[in-house]
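Chains as they are written, first to last, in our numbering: chain A, 3 to 534; chain F, 713 to 1034.
Treat the hints with care, as some may be off.
No more than 25 Å apart at the CA atoms, straight line, and that leaves these computed lysine to aspartate or glutamate pairs for DMTMM-like [as the list claims (entries may be wrong)]:
| no. | chain 1 | residue 1 | chain 2 | residue 2 |
| --- | --- | --- | --- | --- |
| 1 | A | Lys311 | A | Glu237 |
| 2 | F | Lys1019 | A | Asp270 |
| 3 | F | Lys962 | A | Asp264 |
| 4 | F | Lys1032 | A | Asp395 |
| 5 | A | Lys329 | A | Glu310 |
| 6 | A | Lys92 | A | Asp136 |
| 7 | A | Lys202 | A | Asp324 |
| 8 | F | Lys1032 | A | Glu220 |
| 9 | F | Lys962 | A | Asp269 |
No lab work stands behind these hints, which were simulated from the structure alone.
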Amino acid sequence: MSDPAIELKGISKAFGAVQANKDISIRVMPGTIHGIIGENGAGKSTLMSILYGFYKADKGEIFVGGKKTVIPDSQAAIAAGIGMVFQHFKLVENFTVLENVVLGAEDSAMLKPSLTRARRELKALAAEYELNVDPDAVVEDIGVGMQQRVEILKALYRGADILILDEPTGVLTPAEADHLFRILDGLKREGKTIILITHKLREIMDITDTVSVMRRGEMTATVKTSETSPAELAELMVGRKVLLRIEKSAPALGEVILDVKDLNVTDDKGVHRLKNVSFQVRAGEILGIAGVAGNGQSELLEVLGGYEKATGTITLRGQTIDLTGGKSDGQSRRRRGIAHVPEDRQREGLIMDYHAWENVAFGYHHDARYRKGLLMDNAAIKADTAGKMKRFDVRPPDPNLAAKNFSGGNQQKIVLAREIERNPDLLLVGQPTRGVDIGAIEFIHEQIVALRDQGKAILLVSVELEEILALSDRVAVMFDGQIMGERLPGETDEKELGLLMAGMTDVPTDKPVHEAVEEQLAHAGTGDKRGS
Amino acid sequence: MDLNTLIQMLDATVRLATPLLLACLAGLYSERAGIFDIGLEGKMLAAAFVAAAIASVTGQVYLGLLAGIGASLLLSAIHGVASITFRGNQLISGVAINFLAAGLSVVIAQSWFRQGGRTPQLSGEGRFRSITLPFAESLSGVPVLGPIYAELISGHSILVYVAFLTVPLTWWLLFRTRFGLRLRAVGENPAAVDTAGVSVIGLRFAAVGICGILCGLAGAYLATGLQTSFTKDMTSGRGYIALAALIFAKWRPWHALYACLLFGFLQVIPLRPDLITNTLGLRLNGQLLEALPYILTVVILAGFVGKAIPPRAGGTPYVKER
């Protein structure tokens, strides 16, 4: 048996009081795809950042190809043949693909020879691994899937034999993810070693040879993928059995709560972001909006939430909602009974440096319960926050802790508690479980379903198709600012929704589905406005 | 307006644009690397004082120039340590440098030379003198081109030529070399540079250092080339005008040249109010004319020149994310 491509022995790393990695040992064999799975905050990314020289381990040893290697910085990792594709791409957005590939790996002080060589090598790599990218395209103009390929090319150009990918499919459509997996397969066949970090069980089962499970900074198991099951992995991840499907009864549909007609939004660059969007949401119903990020879902939530101008009509319980003017702000929307859990909780849902109790009062700070004359009644807010934290299982249940000191899942629970406990007629929810660990996902989903069962209307926007299918009573798919169609979750599948998400209403017959989808996406690739 | 007057005005424009251009390019290096530098003014002022003082004491203008660059580099180093090493606020650090330079230059000048905060008048080898380019005199007889060559192009101090040559040099460095690629990258996304295995801190200090050298040249030119001594606050806002020109130029070297020539020209106009009266047929208040560059600065900074997108990582210290 040959030496492992990578062997870590006893790696430990602490950030202040948080022990991110505890005595971790792992062996990754060459020419395999090795998955590392774990909940958010389990320490996967920290471990890989140590391997890439981004952080320095407090303790432990690294062996590359059987040789003990010290990796003090990224330069050393690159020299040892390790390449990394980060979850948030490290690309210079206004540089061309070629410039990004060359950056840091230039041959000489002059750029031109490097660029020429890189152009030649990109061509060769593209042919070898299905990594087609236009070398002269500016990175901010190409789609997310393409940007990810640039990151892979960067690593290969630097001669990486070991490729680490951190949550690579989080931003991809199903078709793009399939393409990525084909690329990874090709790399494996060429003898490259791949480490895939993810929290998605399906990916692990589909593509890896071996899988290691991390929980709370520790490595709990390493098993052959063929000898395990999703249920076993899920249990290893969270330390108890979890329901992967949501138990919910058939919806008891009531009157129409939200009626949206011909909604149009044009942004300040003149781009038409919403095009004649019309739909209804009834009491006791969850309408799920599926789509690839950046196809108008964010704008839709912003309009409904009261911080984006639009034309068209919106009625709530038959009464018109102002789309412009003084009564079109978030305050007025909340007063009318629309609660909003925004897509980006760290930017729109919370103020990260403020205490939990202050965040609980935001948007409702004029409420009589929170006031004592002209002043805020801090004691009342804190008491209310403590109650909410208990009911929503926020950990730690400390109202005086700053929002940034909670994990992603607990931050989301704070936002959810604030909005749901207002007893709204309509709840807008954007990406409720983005960056949230499995235990919290389950809880959040239960809360949303419980609100539906109380007869409230819920508009759910998510890029996670599984989530949409599990939660929704009805699914609408958005593409390029339009609603492509509505489906009932029991009568559709990921494949059909995937096609609608790519703007296609019919299944192509003349070529494989993934190719057709990619062509379509290449044409529409500019609609994305992914945050950094 | 006849050709001679025009040439005279353009000649003065070139002289007045030179310190702006040097400061503007100084800011360009710094800001392209992601370090905002509002302290161009202070660095120029410090360099102007030290250059004039040393030139007057030693009688050697080149010693003055070196000392001026040294003073400016020292302030750059302070800015670098504060904003790169200690990740402080770049604006506050810059403002502090401006105050420091404005106060210290006058105080030291007064206690050293006892001339009311000035330095003694420079003469001879103590100041930069104009260089007559080859054939300037023999060609001056040629119609149109002759006077343009002899008056406008020839007859400036060496620093003027250095400033104008720095423009193509900067363009070449930024867009044709490895250093330039990395410098631009570190101002846009330092994480990309860091993960590519290149030192963010090293690059940013290099940029701040270049900025210091160019501010030093600008300041030395003010006190030993354009004028013949240091006077209190002699930069009179040129550092800020240079910043406005930099925004106007959208952080591009050739455009920086055009923007600085425009600001230089606006500074020339109040020197010849008679020309305005003659050509436009109306008398304008002299103070209004003098205020022109500043008014344009405000207009530019208020964003009336279209959208200027600064380097995306500008102003934010680089911290590896958790």
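Checked hints:
no. : hint                  : result
1   : Lys311/A to Glu237/A  : violated, 46 Å
2   : Lys1019/F to Asp270/A : holds, 12 Å
3   : Lys962/F to Asp264/A  : violated, 40 Å
4   : Lys1032/F to Asp395/A : violated, 31 Å
5   : Lys329/A to Glu310/A  : holds, 12 Å
6   : Lys92/A to Asp136/A   : holds, 18 Å
7   : Lys202/A to Asp324/A  : violated, 41 Å
8   : Lys1032/F to Glu220/A : holds, 23 Å
9   : Lys962/F to Asp269/A  : holds, 24 Å
Hints 1, 3, 4, 7, counting from the list given before, are not met by this structure.
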